[in-house]
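Asks: If you want the building blocks of each chain, they are given just below.
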Amino acid sequence: MPPKTLYEKIWDDHLVYEEPGKPALIYIDRHLIHEGTSPQAFAGLKAEGRKVRRPDLTFAVMDHSVSTTDRTLPILDQDAKQQFDALERNCRESGVRLFDMNSKNQGIVHIIGPELGITQPGQTIVCGDSHTSTHGAFGTLAFGIGTSEVENVLATQCLVQARSKTLHIVVNGKRPRGVTAKDIILAIIGKIGIGGGTGHVAEYGGEAIRALSMDGRMTVCNMTIEGGARAGMVAPDETTFAYMEGRPFVPRGKAFQEAVERWKLLKSDDGAKFDMTVELQAEQIAPQVTWGTNPGMVTSVNSRVPDPHDYRDLNDQKATESALKYMGLKPGTPIVDIPVDRVFIGSCTNSRLDDLRAAAHLVAGKHVARSIKQALIVPGSRGIKAQAEKEGLDKIFTQAGFEWRDAGCSMCIGMNADVLPPHERSASTSNRNFEGRQGKDSRTHLVSPVMAAAAAIAGHFVDVREFDVAHVE
Amino acid sequence: MQPFVKHTGLVAPMDRVNVDTDQMVPKQFLKALTREGFGRILFYDWRYLPGEKPNPDFVLNFPRYKGASILLARTNFGCGSSREHAPWGVKDYGFRALIAPSFADIFYNNCFKNGILPAILTEAEVDELFKRTEKEEGYSLSIDLPNQTISDNHGLVYKFEIAPARKEVLLKGLDDIGQSMQHASAIDAYEKTHAATATMYEPVDVKYYSNSR
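Residue numbers (the numbering used here), protein chains in the order written: chain A, 1 to 473; chain B, 1 to 213.
If you are wondering where the hints come from, they were derived from the structure by calculation, not from laboratory data. A virtual CB, placed ideally from N, CA and C, is assigned to each residue, including glycine. A few of these clues could be false.
As the list claims (entries may be wrong) - 16 Å max Cα-Cα, derived EDC-like pairs, lysine to aspartate or glutamate:
#, chain 1, residue 1, chain 2, residue 2
1, B, Lys6, B, Asp175
2, A, Lys440, B, Asp45
3, A, Lys22, B, Glu168
4, B, Lys66, B, Glu134
5, B, Lys31, A, Asp13
6, A, Lys22, B, Glu134
7, B, Lys192, A, Asp13
8, A, Lys4, A, Asp269
9, B, Lys31, A, Asp79
As the list claims (entries may be wrong) - Some chain A residues close to chain B (C-beta under 8 Å, calculated; not the full set):
#, residue
10, Lys22
11, Met276
12, Ile413
13, Arg437
14, Lys440
Just need the whole structure built from these sequences, with the hints factored in.
Replies: Laid out in structure tokens, this is it:
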């Protein structure tokens with residue numbers, strides 16, 4: 001048998017039906033849904049008199065529009081309430097398990113899947129959300145789908161899919177202190193461009209990826225979509241198995257050992273061919289800060305805002321000019337001279353325990369700068385929130401002047417009350433700096449949690465490597 | 001779904017690379033329960049000034065592009081969020097086809113679920129179409145899906161590539177669910193032989209609902 005990539009192995013294992021020259025029908029092991037992109041799918045299903053085929057493989061959660069403050073208060077946003085009610089009704093009628101906003105296990109859909117062990121190596125996972133790529137950190141084939149496809153999966157537990165091309169992203173060497181998983185993925189996107197991975201499924205490898213914790217690998221896979229590839233994956237290893245063990249939905253005892261033996265086979269064979277390969281050297285990656293209006297508009301913290309004339313391509317020149325105008329930035333400005341109004345540490349990219357621990361470590365005993373209007377910490381799930389509180393991280397944050405909130409998507413997308421006001425500038429650990437993403441006319445700079453924490457303390461971007469090296473892992 | 005076979009219509013240019021789906025349908029409109037009415041809010045933040053007054057500087061508000069049904073775009077159109085609200089908006093606004101050098105994967109896929117043709121031409125061809133659209137008021141194109149051509153009234157004819165299965169979906173107005181359902185027995189068979197992959201330990205310490213329930 002010819003050597004296969006991890007993607008090809010999972011693909012072949014999920015083929016339900018295939019005929020030459022046509023997209024295949026693949027089986028979906030886990031279908032995650034949330035309030036934002038599912039109501040139309042359930043409505044479509046009902047209109048056709050169809051039923052949810054596998055409610056037992058479908059999990060729902062409220063995350064996009066939930067409040068991160070007091071949830072016992074009435075929901076004032078009637079549109080959001082309508083969606084919560086619709087999700088609750090649809091799940092009840094179809095027998096789908098729902099983590100509602102008051103469940104102790106509630107959280108961002110891509111956080112709770114792995115946290116509860118719903119996500120397991122070798123699976124196919126879909127969700128009506130582009131950051132479904134997160135789950136690929138466990139060696140799954142996981143990607144975002146549209147609402148019509150959500151309806152299709154609800155009805156058939158299958159998806160019509162064409163085989164993707166494969167992209168191998170290898171990060172060699174050792175990550176320097178102060179450089180995190182977020183910086184690695186931003187550097188990758190900066191290198192390949194935001195459309196660089198289009199048509200591909202990415203597999204990450206190399207020493208620097210292997211050295212990452214599961215939280216870090218999830219950050220990398222999460223932002224794979226920002227480089228254009230729908231799915232990113234890391235082959236499971238001992239780090240993965242250690243993370244899995246004991247999680248609620250993971251088999252236990254002998255069944256776990258058997259599962260691990262199966263999971264160990266999930267890796268690209270020696271000599272497997274990828275359609276494209278990209279290599280980076282971890283030692284050359286500095287902490288990253290985006291300066292523009294897409295995640296590919298990124299540079300090192302010790303660098304400067306680019307000049308549109310730096311680009312040869314006319315389209316790039318125009319895009320840079322328009323981005324700088326939107327961001328209110330002048331070419332040549334040192335990144336560390338950019339002041340910040342608000343800080344957001346959260347989102348499915350960077351709201352896990354590793355992220356919160358690193359940020360707390362950095363701010364312990366310090367205080368948010370007076371010029372900062374708001375500094376938010378939004379844990380990715382209530383489970384993470386509870387564990388962080390057990391470790392006293394909430395106290396460290398609140399004593400340093402941060403607000404400690406309840407779990408949800410929050411200011412990453414601003415569908416609840418956590419919105420970045422017009423023309424204000426954020427240091428944000430989220431995944432998208434598109435125009436208006438965090439609020440109309442708001443200005444987002446994407447950074448790692450330690451970079452965001454340091455910006456909160458300093459009031460402007462700082463190079464964490466110089467900021468307080470002793471406190472930066 | 002409405003089939004797409006041939007279409008002739010006015011072209012509107014969107015001269016910007018990497019147009020993301022957040023721009024097409026901003027987050028405040030993601031709280032809907034239906035697929036209708038997204039045309040009015042398509043490109044909301046670019047298209048309207050405060051008070052929903054049309055922004056005269058936004059290209060789709062130019063009188064010459066009123067009634068356009070073909071959108072000419074740049075590289076990586078539709079990147080970002082998977083929200084199908086974006087193609088719902090595109091369609092409801094009145095666009096039947098999009099032309100660009102490349103589209104983002106999820107958006108591209110979503111177009112076919114809604115009877116929209118995303119046609120891919122080379123950068124040079126798209127450049128030429130931008131020039132012609134700019135130069136001639138009322139510039140329109142004819143798209144012939146069976147022959148995979150895009151042509152104008154001045155003898156320009158470009159050929160575009162599309163996967164045969166994708167083409168068939170648009171030509172016949174097929175929907176995925178209907179197609180998937182045809183393979184019900186294959187799905188049954190798969191489930192019988194692959195139960196292990198889907199095995200799930202049923203935890204006792206997970207709480208789905210709040211105490212109030």
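Asks: All the hints need checking, so say for each whether the structure fits it.
Replies: Checked hints:
1. As the CA atoms of Lys6/B and Asp175/B are separated by approximately 19 Å, the hinted pair breaks the 16 Å bound.
2. The suggested pairing of Lys440/A with Asp45/B holds, with an alpha-carbon distance near 8 Å, which does not exceed 16 Å.
3. At most 16 Å may separate the alpha-carbon atoms for a hinted pair to count; Lys22/A and Glu168/B meet this at roughly 10 Å.
4. Between Lys66/B and Glu134/B, the direct Cα distance comes to roughly 14 Å. Compliance with the 16 Å bound is thereby established for this hinted pair.
5. For the proposed pair Lys31/B and Asp13/A, the alpha carbon gap of about 36 Å is over 16 Å, so the pair is violated.
6. For the suggested pair Lys22/A and Glu134/B, the alpha carbons sit about 39 Å apart, so the restraint of at most 16 Å is broken.
7. For the proposed pair Lys192/B and Asp13/A, the alpha carbon gap of about 14 Å is at most 16 Å, so the pair holds.
8. Our distance criterion of 16 Å between C-alpha atoms is met by Lys4/A and Asp269/A, whose separation comes to about 5 Å.
9. The hinted pair formed by Lys31/B and Asp79/A meets the criterion: a straight-line CA distance of about 6 Å does not exceed 16 Å.
10. Checking Lys22/A against chain B: minimum C-beta separation of about 5 Å stays under 8 Å; hint holds.
11. The criterion of a C-beta within 8 Å of any C-beta in chain B is not met by Met276/A, whose closest approach is roughly 15 Å, and the hint is violated.
12. Hint status for Ile413/A relative to chain B: holds, with the closest Cβ pair at about 5 Å, below 8 Å.
13. For Arg437/A, the suggested interface contact is upheld, since its CB lies about 6 Å from the closest CB of chain B, less than 8 Å.
14. The restraint placing Lys440/A at the interface with chain B holds, with a minimum CB-CB distance near 6 Å, inside the 8 Å limit.
Checked against the numbered hints above, the structure violates hints 1, 5, 6, 11; every other hint is satisfied.
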